[in-house]
Every structure is written in C-alpha cells, then in structure tokens.
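> What follows is the residue order along each chain.
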Amino acid sequence: MTKRLLAAALVAGFLAACVASLLQFALTSPLILAAEKYETAALEAPSRAFANPLIVLAHAGHGHGGEAEWQPAPGLPRLAFTALATLVSGVGYALLLGAVLVATGREVTSSEALRFGIGGFLAASLAPAIGLPPELPGMAAAALESRQLWWLATALATAIGLYLVAIRRGAVAVALGLALIVAPHAWGAPHGPEEISAMPPVYAAQFSARSLAVAFAFWAVLGLAFGWAWEAVAGREGAAARPGAAV
Amino acid sequence: MVAITRSLSPALAGERLNAILLAAALGIGLLFVSGFAPVVALHNAAHDWRHAHNFPCH
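In order, the protein sequences belong to chains A and B. Just so we're aligned, residue 1 is where the first sequence starts under our numbering, counting upward by one. Just so we're aligned, residue 1001 is where the second sequence starts under our numbering, counting upward by one.
Calculated from the structure, these hints are not laboratory results. All residues carry an ideal CB built from backbone N, CA and C; glycine is no exception. Hints are not guaranteed to be accurate.
Said to hold, decoys possible - Output of the computed footprint for chain A on chain B, the stretches with three or more beta carbons under 8 Å from beta carbons of chain A: (1) 1014-1020; (2) 1024-1037; (3) 1048-1057.
Said to hold, decoys possible - Restraint-style ranges between C-beta atoms, simulated for each label pair: (4) B:F1032 - A:E69: 18 to 26 Å; (5) B:G1029 - A:A175: 30 to 38 Å; (6) A:P77 - B:F1032: 39 to 47 Å; (7) A:A80 - B:I1028: 19 to 27 Å.
Said to hold, decoys possible - To list a few chain A residues with every Cβ distance to chain B over 10 Å, as calculated: (8) T109; (9) L122; (10) P201.
Can you build the whole structure from these sequences, using the hints too?
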C-alpha cells in the first residue's frame, strides 16, 4: 500500500508538473517578467515608502541596498528552477491527494481521483484566490505571515467543507461544510493598500485568469494521472506476485 | 477462513494508516519547501511557481 501510494504520487506529480511547467512558461512567466520591469522602476524611485509598517511593497528589500541574495540566472536557469519547484509541488500535492483518497476508503479510479483533484483545485487554488487574488511582482500587499496564515486556513477549511458536503452528505454535515467554506471569506483576507501602479492593469487581470487556468489544468492532470498510475502499479504488482497466472 | 480474515484486516488497517501518514507528512514537507519556506534562496528558486500558483510570496 505504501509503495503503491508513493509510486502513484511520483508518476502523477511528474506528469502534472510537465503540463503545468509548459503552461507556465507560455502563459504566466512572460507576465511575471514584464511586471518585474515596472517593479524595478518603482523600487528605484524614492517616494514609495508606506506609512503603515505592516504593509510592505512586494519584493522591497530583495537585493536592493544590501548584498544581492542568490537567485537563478535569467533565462534557462530560471525556467529550470521554476520547473523544479513545479515538480516538487506536484509530487507534494499528489501525495496529499493520495493520502486523502486512501483515507476516505473509496475505490481509487481515474474518475474518482479526478473528482478529488477538482476538489484540490477548489480548496488550494480557487478559494484562496477569492480573497488573495494571484499577485504579480510589484503589487502592494499585506504582511506575508498574515497572508500565508489566511491562505492555509482557507485551503484547509474549504477542503474539510467539501468533504462534509460531497462525501458525508448528512443535513448537519452539509450545513457545517457550507459554513466552513464561507467562514474564511466572511472573516476576510488581509489586504494591502489600494495603490496606483505604473503597471498596465491588463497584466494583473490576465495573470489572475491565466494563473487559475494553469492551476486547473495542473489539478486535473494530477487527479487523472494519480488514478491511472494507482491502477497501473496494481497491475504490475499483481503480475509479479502471480508469475504463472494470466493477467 | 474466518480466522484468516480476522488476522488480515488489522494488518491492512495498520499498513493503510502508515501509508496515509507517510504520504501526508512527505507531501506537507515538499509543499512547505516549494510554497512557504522563508529561506531567501528557496524563495528565489521557486519564485515564479509561487506567483503562478498564488502562494503568498514576499
């Protein structure tokens, strides 16, 4: 069971990372690079200090004034590190997806895993994006820790809420699940200042839509591939255990 | 037959639990490294992934 879960997660994470990396290079990375030009220009202008110490300009203090911190060289190395981060996260999300699937005790098939993958998209991508829209470099935002905390709480509450609504299905469970899904948004996400940026707003709008589209493709492939790999690993294990038997 | 079923079920349950716990711990560890770790080098390496997948960044 453990080997099967780990093997299926590796395969699913790899396939999802391949698809997501290509989509990121084509759709989101060019917008990030374009936004960084405006961000660099803004950081070099002196009149951008905020009065509120809890509010920081995204990227402020990175490699400016002090020693430059390590970062991947522009071009191919940067794309390679982005792909590596996508792979690490893909395997991580696939492991969580598999753990949840096995924990619910449902039979793991491609269609079942796809449903759970869509649940993962709703919990980890769409729900946090309602309060904290996908952000380009240079956009002003609230302090990092408060946003990370809200992101985690929202993803967790949405995941538990979806489980209660879609799998438990009792009247009390559905009510509790809906309350959990709504609660983080009623509480409210931490917000930065509404400031005017030199960056064309179409960049931010495009980035939000593309980011969610890439995330959906990532989760869909992750779910489908996990179910497929789970069944494929079982087929091989069965064949190895019964060498004489017809497969 | 009954005895076999009884002796197998708890073993499977234990193995299932181990698999779930191991996968969950590994998954959370990998996601922490790629999505949340505050180390500057890790942040810079995973920068474009974090932005594209809406992890709070910076």
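> Which numbered hints does this structure break?
6
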